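Student: Since each chain comes alone in its own frame, lean on the hints to assemble the complex.
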Amino acid sequence: KAGVTQTPRYLIKTRGQQVTLSCSPISGHRSVSWYQQTPGQGLQFLFEYFSETQRNKGNFPGRFSGRQFSNSRSEMNVSTLELGDSALYLCASSWGDRGFNNEQFFGPGTRLTVL
Amino acid sequence: GESVGLHLPTLSVQEGDNSIINCAYSNSASDYFIWYKQESGKGPQFIIDIRSNMDKRQGQRVTVLLNKTVKHLSLQIAATQPGDSAVYFCAENAGGSYIPTFGRGTSLIVHP
Chain A
16 KAGVTQTPRY
26 LIKTRGQQVT
36 LSCSPISGHR
46 SVSWYQQTPG
56 QGLQFLFEYF
66 SETQRNKGNF
76 PGRFSGRQFS
86 NSRSEMNVST
96 LELGDSALYL
106 CASSWGDRGF
116 NNEQFFGPGT
126 RLTVL
Chain B
801 GESVGLHLPT
811 LSVQEGDNSI
821 INCAYSNSAS
831 DYFIWYKQES
841 GKGPQFIIDI
851 RSNMDKRQGQ
861 RVTVLLNKTV
871 KHLSLQIAAT
881 QPGDSAVYFC
891 AENAGGSYIP
901 TFGRGTSLIV
911 HP
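Just so you know, the sequences run in chain order A and B. Quick note on this note's numbering: the first sequence kicks off at 16 and runs consecutively. Quick note on this note's numbering: the second sequence kicks off at 801 and runs consecutively.
This is chain B alone, in the form it adopts within the complex (with noise of 0.2 Å):
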């Protein structure tokens, strides 16, 4: 497959662990964020969204956290199974602009 990032960091957990992936973000005035998943080969695929009025949103097996204070957005994965396995990043946006800004990515490898 085709690699999304060389020296991406990387989490690894084991099957049935819970997962839990951060990313900082650096605009105050971003208001809407989304996590994605991107296996090899493939495109990113959405997960989860939460708006900046949210500090958390539940979704199936995932929750996202977000922390204005210190602008921090979290992804959790409950019972992480080897399919999790993939790179996950944050986007965000700011105002209405429409034009997102994406995180490094975290590769997540779940040992069976």
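So that you can see chain A by itself, here it is in the shape it has in the complex (with noise of 0.2 Å):
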């Protein structure tokens, strides 16, 4: 079975752009929660998707936002980019509908760097 999988793995942006992150779960799982890693405030929760619906939101501006389709791939977009938001962006999926308290596997992540 294929892990979860994050395109780009790799993104450089500049400042007051806008960028778009995928996620594809793996195969049945229908939650899809997106994360936040930088060395000053470590692994942050975004938000999580279930069956297409936002159900929960970390503490971020609404810069940050996100959707799930049908498929239950995700996407996330972050517009008028702060070089703040570098970062790795990492999606987890569950079989589950309860999130963070069911097992997450984690993709591989997408580095964001803003110049």
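Treat the hints with care, as some may be off.
In silico DSS-like links for lysine-lysine, alpha-carbon gap of 27 Å or less [to be verified]:
1. B:842 x A:28
2. B:871 x A:72
3. A:72 x B:842
4. A:28 x A:72
5. B:868 x B:856
6. B:871 x B:856
Keep in mind the hints are simulated off the structure, nothing from the lab. Remember, it's a predicted structure, so these values are computed and weren't measured experimentally.
Tutor: Here is the structure:
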């Protein structure tokens, strides 16, 4: 069974631009969560989707948004990029409907660098 | 590989030793805890979890201990191997919120 895939793996953008990251969950998994990982703040929860509905959202500004499609694939978007958005963005999928409380499988992440 | 954190606490052990990694949490309402392992260039990997109605849970070569009185969690790895070298961090959440809080992590280095 293929693992969680994320594209692209690496991305370089400039301040003010917007970016879209993609995540394909493990086949059969309906929950997708997104996390931001930085050296300064560690791993932080962004949001979680289940059956195309955002069920939980972390403490991030509205510039961070996401969506989930009917095939459970998910995208997250960051608009008006700031230098502080440089981070590793991780996607995790799980089978059940309890997000973090079900065993989550993480992808390798997308490394975003904002210049 | 990619660095997951700068200036993380580091634990260096010899192959075959037992390792103990600690984590303090702050939310007394937290009732579910997970330990993750993250190798360079990879996403976190679930190791073991524990709920607040338990004090101890064992897996293969790993044991998690939970002390709710002092809000402390530990991960014990028996017979540590070079392949155990990674960053380990704990995560918690409270009362079905499904919004986790993660610890900063500890870098484990296993010397052959």
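Student: Each hint needs a verdict: does it hold in this structure or not?
Tutor: Against the structure, the hints:
1. This hinted pair checks out: residue 842 (chain B) and residue 28 (chain A) have alpha carbons roughly 22 Å apart, not beyond 27 Å.
2. Of the pairs offered as hints, the one joining residue 871 (chain B) and residue 72 (chain A) holds, with about 25 Å between alpha carbons and a cut-off of 27 Å not exceeded.
3. Distance check on the hinted pair: residue 72 (chain A) and residue 842 (chain B) sit about 24 Å apart at the alpha-carbon level, within 27 Å; holds.
4. Our distance criterion of 27 Å between C-alpha atoms is met by residue 28 (chain A) and residue 72 (chain A), whose separation comes to about 24 Å.
5. This hinted pair checks out: residue 868 (chain B) and residue 856 (chain B) have alpha carbons roughly 11 Å apart, not beyond 27 Å.
6. As the CA atoms of residue 871 (chain B) and residue 856 (chain B) are separated by approximately 14 Å, the hinted pair is consistent with the 27 Å bound.
No hint from the list above goes unmet by this structure.
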